[in-house]
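**Q** This note's numbering applies: residue 1 is where the sequence shown begins, and numbers increase by one.
Keep in mind that a hint or two might mislead.
[To be verified] Listed next, the in silico DSS-like pairs over lysine-lysine satisfying Cα-Cα at most 25 Å (straight line): (1) Lys68 x Lys198; (2) Lys286 x Lys359; (3) Lys336 x Lys198; (4) Lys4 x Lys336; (5) Lys204 x Lys128; (6) Lys208 x Lys121; (7) Lys204 x Lys260; (8) Lys73 x Lys128; (9) Lys4 x Lys339; (10) Lys260 x Lys208; (11) Lys37 x Lys359; (12) Lys336 x Lys393; (13) Lys134 x Lys37; (14) Lys72 x Lys128; (15) Lys208 x Lys286; (16) Lys128 x Lys208; (17) Lys8 x Lys336; (18) Lys297 x Lys359; (19) Lys8 x Lys73.
[What the hints assert, rightly or not] Simulated restraints, written as ranges between beta carbons of each label pair: (20) Val40 x Ser366: 21 to 29 Å; (21) Gly161 x Val306: 16 to 24 Å; (22) Pro203 x Phe27: 50 to 58 Å; (23) Lys260 x Lys73: 35 to 43 Å.
Because the hints were derived from the structure by calculation, they are not lab data.
Model, not experiment: these values are computed from the prediction.
Ideal Cβ placement from N, Cα and C applies to all residues, glycine included.
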Amino acid sequence: MNLKLQVKIALGYFFIIALLGVLLRSFQVFDVSFTYKYLVHTHSHVALLGWVYTALTSLIYHLYLSEKSIDKKYTRLFWFTQITIVGMMVTFPIKGYALFSIVFSTLFLFASYAFTRMFLKHTSEEQKQTQSYKIIRAALWFMVLSSIGPWALGYIMNTLGSTSAWYRNAIYFYLHFQYNGWFLLAIFGLLFYFLELKHLQLPKHLFKWFYEFLILGVFLTFTLSILWMEPASVFYIIAGIGAILQLVAFGIFYFNVYSKREEFSTVFSPNTITIFIIVAIFLDLKLTSQLLGSFPKIAHYVSNNVDLVISYIHLVFLGIISLSILAFYHQTRVFKITKANIIIYTLGFIATEILLVYKGLASTISDHYYSYLLAASILLCIGIALFFFQTFKKESN
1 MNLKLQVKIA LGYFFIIALL GVLLRSFQVF DVSFTYKYLV HTHSHVALLG
51 WVYTALTSLI YHLYLSEKSI DKKYTRLFWF TQITIVGMMV TFPIKGYALF
101 SIVFSTLFLF ASYAFTRMFL KHTSEEQKQT QSYKIIRAAL WFMVLSSIGP
151 WALGYIMNTL GSTSAWYRNA IYFYLHFQYN GWFLLAIFGL LFYFLELKHL
201 QLPKHLFKWF YEFLILGVFL TFTLSILWME PASVFYIIAG IGAILQLVAF
251 GIFYFNVYSK REEFSTVFSP NTITIFIIVA IFLDLKLTSQ LLGSFPKIAH
301 YVSNNVDLVI SYIHLVFLGI ISLSILAFYH QTRVFKITKA NIIIYTLGFI
351 ATEILLVYKG LASTISDHYY SYLLAASILL CIGIALFFFQ TFKKESN
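Turn these sequences into a full structure, and let the hints guide you.
**A** Right under this line is the structure:
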């Protein structure tokens, strides 16, 4: 199946969630005749399942499976998955969590299981020996693990209700293993793949430490998501250990890349390297935030502060995951990223992050705060729109 078509569809979802983001920011500035909660559900589902899932799985298929004789199977699975995503995109704004949106969400889970099976079954034995495969395999298993959250929600709502701690924790379980498991590991797996094309990889003993610390860190840092309950001290310690393990894991990777920076520069184009430098800065912020978030006072303050939580989620989603995907798109030559695109997107993202953190920390906010946030969101949306429309330019072929 044509990768460029899949890229257009994925970036189309990215553009849609950007427009939804602008619409959500408009609620505090204008009278908007939509149900805010329903739009939030739409925004989050299209972001995770439309944009990121479609982008990552299409890249994984293109790099690992496109030469196998399964194109028809993948094409059918791809379009079935798109039907479930569009179904959610249509039904969530109307009724929120209701019969049809739940049906489409459930069908999506089955589609994701089918993709995981396809990848594990059809990847060649030679590819299975690579470091990139091991990371992507772990990423997909984290995706499967994360689905326990949605499956549990139905039972929890029918027995304990949506106000119970278990309801909130089930959502956090899903988000954690999506963002910090599936998404982040898939990004690193793809990065390792491109490095392996130039015969660059971590020494075996270093990869062992990197991989084990990374995986264990993902499991342990889940405790960060339940610190809002103010549990026993041991949970804060576990969260801190998990954060440290991930710092060490990425430190191993950074050190290796820095020691081979000349070879690294031959793998990627200048614009791709620029994006990865920006991503590395945002990843450092994420890892530092995780460690700080394991301290009781900070954990309690942040977990009860919606703006800081949203800023963290956006840091991971927009600053790390989305930028990395765009870099991979540029690297595979499906479309060209210009420095102007990077600057507009990054400025819009940083502006929204600063404003969210400001509101989260300030005792009072400016009368024009929501107008500023809307303007920053529009700038970010313009940046995403430029990426989307870039795929229609003939020279991107």
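**Q** Decide, hint by hint, whether the structure agrees.
**A** Against the structure, the hints come out as follows:
no.	hint	in the structure
1	Lys68 x Lys198	holds (22 Å)
2	Lys286 x Lys359	holds (19 Å)
3	Lys336 x Lys198	holds (22 Å)
4	Lys4 x Lys336	holds (12 Å)
5	Lys204 x Lys128	holds (15 Å)
6	Lys208 x Lys121	holds (24 Å)
7	Lys204 x Lys260	holds (16 Å)
8	Lys73 x Lys128	holds (21 Å)
9	Lys4 x Lys339	holds (21 Å)
10	Lys260 x Lys208	holds (19 Å)
11	Lys37 x Lys359	holds (20 Å)
12	Lys336 x Lys393	holds (9 Å)
13	Lys134 x Lys37	violated (38 Å)
14	Lys72 x Lys128	holds (23 Å)
15	Lys208 x Lys286	holds (23 Å)
16	Lys128 x Lys208	holds (15 Å)
17	Lys8 x Lys336	holds (13 Å)
18	Lys297 x Lys359	holds (19 Å)
19	Lys8 x Lys73	holds (20 Å)
20	Val40 x Ser366: 21 to 29 Å	holds (24 Å)
21	Gly161 x Val306: 16 to 24 Å	holds (21 Å)
22	Pro203 x Phe27: 50 to 58 Å	holds (52 Å)
23	Lys260 x Lys73: 35 to 43 Å	holds (38 Å)
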